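Throw the hints in and build the complete structure from the sequences for me.
Read off the chains here:
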Amino acid sequence: MRRVHCLLLVAPLVGVTVGFPVRARAQPAPASGSVATNSTTELTMRAAVRRLADEHGVWASLGVGRGAASLDCDACASATTRAYSLQGTLGIRLSPRVLVGAETFAWLDVMGGQADRVAKGTYLVARGYRSVASKVFLQAGAGIASFEVNDGEVRFRTSSPSLSLTGGTDWRIDQITITPAIGAVGSIGGHLKSNKTGNSIADDARLGVLRATISLSWFR
Amino acid sequence: MRTQWVSSPLILSCAIAVGCTDNNPTASNVGTLATAAPAKAFGIWSPGRTDTCTPDVHNQFATLGPDGKKYPTWHPPTDPSTGCLFGHEHGRDPRGSALVAGTGALPFGYANEQLDAAGLGLQRHEDHVGHKIEWENDVRIQVAGGTGVAIEVRCDVLVKLHQGTHSKDAFTNNLHELIYHIRCSDKTEMHVTLMSAIGRPGEFVSACGSTIQAGTATPANSPSGGGHRRLPDASCLLSRILVGPGQQSDFGHLHESWETSNEIKTADGHRIAFFDPYFQVFRPSRYYDPAAAGAVGRPVALCAVTLNDRRARGSACNGMTSTVSGALVSVAYDDAASVFNGVRRQIDVNNNLVSNGDGPTVWYSDPFGRNARTTPFAGSIRQFISSVNNDYGVGVNGPVVGGNRNYGGAGVRAPN
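Note that the protein sequences, when read in sequence, are chains A and B. Positions 44 to 263 (the numbering used here) are the ones given, in order, by the first sequence. Positions 602 to 1017 (the numbering used here) are the ones given, in order, by the second sequence.
Among the hints, erroneous ones may be present.
[Stated by the list, open to error] Calculated pairs, EDC-like style, for lysine to aspartate or glutamate (alpha carbon to alpha carbon, straight line, at most 20 Å):
hint, chain 1, residue 1, chain 2, residue 2
1, B, K788, A, D117
2, B, K866, B, D992
3, B, K769, B, E804
4, B, K866, B, D757
5, B, K788, A, D115
6, A, K178, A, D117
7, B, K866, B, D877
8, A, K239, A, E191
9, A, K236, A, E196
10, B, K788, B, D877
11, B, K641, B, D717
12, B, K670, B, D717
13, B, K769, B, E860
14, B, K769, B, D890
15, A, K239, B, D992
16, B, K788, A, D246
17, A, K236, B, D728
18, B, K670, B, D657
19, A, K236, B, D959
20, A, K236, A, D246
21, B, K788, A, D247
[To be verified] Some chain A residues near chain B, calculated using beta-carbon distances under 8 Å:
hint, residue
22, D117
23, C119
24, M154
25, V197
26, F199
27, S237
28, T240
29, N242
30, I244
Calculated directly from the structure, the hints in this document are not laboratory data. Bear in mind the structure is a predicted one, so any value in this text is a computation, not a measurement. We treat Cβ as the ideally placed atom computed from N, Cα and C, and that holds for glycine.
Pasting the structure below:
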C-alpha cells in the first residue's frame, strides 16, 4: 500500500505507472521502416525527434485560460489580478502513459492607464496518466518564467527558473480531445529590472500564477 | 530624565554615525553628554519677553554629535516637565519616525561645526529656532507616469533643514544645514548630513519669479548650489495683499519655497547620491522689503496698512489689529497672537537617486557633500548611502509630507 502511494506521488514527475492509455493516445504509430533504415545515418537532433515521434506518436495542444497572477516583492504593488492566458504544448509519447514535451504560456493583464502585466513561461514537461485507461493526468515541468510590469514610462521585467504543476483530464469527442486543467507555476529570486537602465528595483521577486485552462489536444 | 531620553537616541546615532560600539543608553553615556564639549550651536538660545523657559531648561534637550560634542536637538514648544514655554518649535517630534531607532536624535548644527574644521575658509553658523524637522513613515514614491498599481516604492523619510523664516538671513545666505534620512522598499537608503547650498549667495528668487540681488552673503565666499530660495518680497507682495474694496487679499504669495539640490560626489566627479527636496513655509513672519529697516518687512504689519482705499482684506488679518488712539495698529510681529509665524510647512520629497551599486555604504564627504572618499578627513561628515543603483530611467518622485500639520502651540511666535 505504501509503495502504491509512493508511485502515485512520483507519477506526475516521472510518469511511471502501470495500466492502459486512453484510446486517443493508446495506439502508438507503427515504426517507420525508412526511419529505422536510416537511423544509423541520421544522428541529428531533428532526426532523433522525428524518429521518436514516428515510433511513439506526437502530442500537441492549444488552449486558453483564465487565472490569477501575482508578483511579490518589496517594490511591487500587492494586487493579485485575474486575466486571460494562452498556452501551447508540443511533445511526444514515451509510453502509453507518459508524455514529454515543451509547454509555453502567456498571461496578460491590462490594468488600465498605462499599466499592464505579462507573465510568460516555457517549460519542459512530463505528463503522466495514472493508468493506460485513465483520462486524468498530472503534469510537472521545469523551465523559465518571466514577469513584465509596464507602469508608466518604464517597464520592469524579471526572469527566473520556475516550476509548474498541472492536473487535468482528457475528454475525447469524436476526433478531438478537449482537455480542461488547472495549473500553477511559481518562481523565486527574480531580479526586477528596468528596461531602460538594467537597474534592479527588487532582487527578491516571487512569481505565482494559478490558471484554469481548456485546450484542444491532438494525439497521433 | 529628559536628558536621558534625549541622549539615548543620540548615543545610538553615535554608534551608527561614527562607529561607536555602545548602543545602549547607560549612565556613563548620560555622563558623557553632561561633560561633552559644547558645539557652537549649543546654548545659543535665550528667552524672549514672552518665553517662560530658562536657558538651562532649554539646554537639557541636547544630544551628542558624531564628533562627541554636545548639540541642541528637538524639543516640544512647551517643556513637558515644567510647562514653561520656549516660544519656538522644531517641527514634528522625531521619536515617531521609523528611522529614529537607527539615526537617534538629530544634532542641530553638526554640519556647521564641521565646516569650521574643514579648512575651506568658510564659517557659517545659524540660529537655533530655524531647525525644523519633518518626517513621514511609509510614504509612496511615484514612478513617473506610472499608475502605482504594479510598481510601488514606499519609503520612510526623516528630514531636518535649518529654515529660518523670520530674519533677513535667507535673503542673502544660501548655506543651510540639511539632515536627510530616507529608507525605501527598493533598497534606496541615505543618511546624509551636509550644508545645502540652495541657489546662489547674495540673491533669491521672488515669489513672483524675478531674481533679486539682496546683498552680500555670509560667508561672502559661499559656494553656489542648485535650486533656489523663493521668498516673498515687497514688490510682489504688496499689490496682492493690499487690495481695493470687493477684493480679497492673496495671502498665498506669502509663501516660501526653498528648492534644494543636493549631491554626494567623489573628487573625480562621480555622483553617488542626489536628492532635491523642496521645503515650503506658509505665512512666514517676514518678507523682503529693501525700504524697511534691515530689509525685513513684517506681514502682520500689512494688516494695519491703508493706502487710499487699498488694504489687507481676508481672514488672515482677523484679530491681528486693534485701534489705539484712533489709529489702526497691528500686533507685534513676534506676538504669539500673530498667525504669521511660519508654523505651517511641507516638504516635497522629490527625487532620490543613488548610483552606488558597487560602492561601499559609508562615505566621508566635506560639509558640502563633495570630495567623498572612504576614509575620514578633517571636517568630513560620515554619510551612509546604500549600495544600489536606483536609476530606473524615469523620475521617481516622492510625495508631499507635512502639509496637513500645524506646529503652532502655546507661546509659539516669531522668531520661529
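Okay, the hints, checked on the actual structure:
Restraint check: the Cα-Cα separation between B/K788 and A/D117 comes to about 9 Å, which is no more than 20 Å; the hinted pair holds. At most 20 Å may separate the alpha-carbon atoms for a hinted pair to count; B/K866 and B/D992 meet this at roughly 16 Å. Distance check on the hinted pair: B/K769 and B/E804 sit about 12 Å apart at the alpha-carbon level, within 20 Å; holds. The hinted pair formed by B/K866 and B/D757 fails the criterion: a straight-line CA distance of about 24 Å is larger than 20 Å.
The suggested pairing of B/K788 with A/D115 holds, with an alpha-carbon distance near 15 Å, which does not exceed 20 Å. At roughly 42 Å between alpha-carbon atoms, A/K178 and A/D117 are farther apart than 20 Å, so this suggested pair is violated. For the hint linking B/K866 to B/D877, the alpha-carbon distance of about 15 Å falls within 20 Å, and the restraint holds. A hinted pair counts as satisfied when its Cα atoms are at most 20 Å apart, and A/K239 with A/E191 qualifies at roughly 13 Å.
Between the alpha carbons of A/K236 and A/E196 the distance comes to roughly 14 Å, so the proposed pair stays at or under 20 Å and holds. For a cut-off of 20 Å, the pair hint linking B/K788 to B/D877 stands: about 18 Å separates their Cα positions. For a cut-off of 20 Å, the pair hint linking B/K641 to B/D717 stands: about 10 Å separates their Cα positions. The hinted pair formed by B/K670 and B/D717 meets the criterion: a straight-line CA distance of about 14 Å does not exceed 20 Å.
As the CA atoms of B/K769 and B/E860 are separated by approximately 18 Å, the hinted pair is consistent with the 20 Å bound. The straight-line distance between the Cα atoms of B/K769 and B/D890 is roughly 10 Å, inside the 20 Å bound, and the hint therefore holds. Straight-line distance between C-alpha atoms of A/K239 and B/D992 comes to about 9 Å, which keeps the hinted pair within the 20 Å bound. Restraint check for B/K788 and A/D246: satisfied, since their Cα atoms lie roughly 9 Å apart, inside the 20 Å limit.
A distance of roughly 46 Å separates the Cα atoms of A/K236 and B/D728; the hinted pair therefore is violated under the 20 Å criterion. For the proposed pair B/K670 and B/D657, the alpha carbon gap of about 18 Å is at most 20 Å, so the pair holds. Simply put, A/K236 and B/D959 have alpha-carbon atoms about 17 Å apart, close enough for the 20 Å limit, and the pair holds. The hinted pair formed by A/K236 and A/D246 meets the criterion: a straight-line CA distance of about 9 Å does not exceed 20 Å.
Annotation: proposed proximity of B/K788 to A/D247 holds, straight-line Cα distance about 11 Å (limit 20 Å). This hint holds: A/D117 has a C-beta 4 Å from the nearest C-beta of chain B, less than the 8 Å allowed. Hint status for A/C119: holds, given a least beta-carbon distance of 7 Å to chain B, under 8 Å. Annotation: interface hint on A/M154 holds; nearest CB of chain B at approximately 5 Å, less than 8 Å.
A hinted interface residue such as A/V197 counts as satisfied when its beta carbon comes closer than 8 Å to some beta carbon of chain B; here the least separation is about 4 Å, so the hint holds. A least Cβ separation of about 6 Å between A/F199 and chain B falls short of the 8 Å threshold, and the interface hint therefore holds. The closest approach between the C-beta of A/S237 and any C-beta of chain B is roughly 4 Å, which is under the 8 Å cut-off, so the hint is satisfied. With its C-beta approaching chain B no nearer than about 5 Å, A/T240 sits inside the 8 Å limit, and its interface hint holds.
Interface hint status for A/N242: upheld, as the beta-carbon distance to the closest one in chain B is roughly 4 Å, under 8 Å. Given the 8 Å rule on beta carbons, the hint for A/I244 holds: about 5 Å separates it from the nearest Cβ of chain B.
Checked against the numbered hints given earlier, this structure breaks hints 4, 6 and 17; the rest are met.
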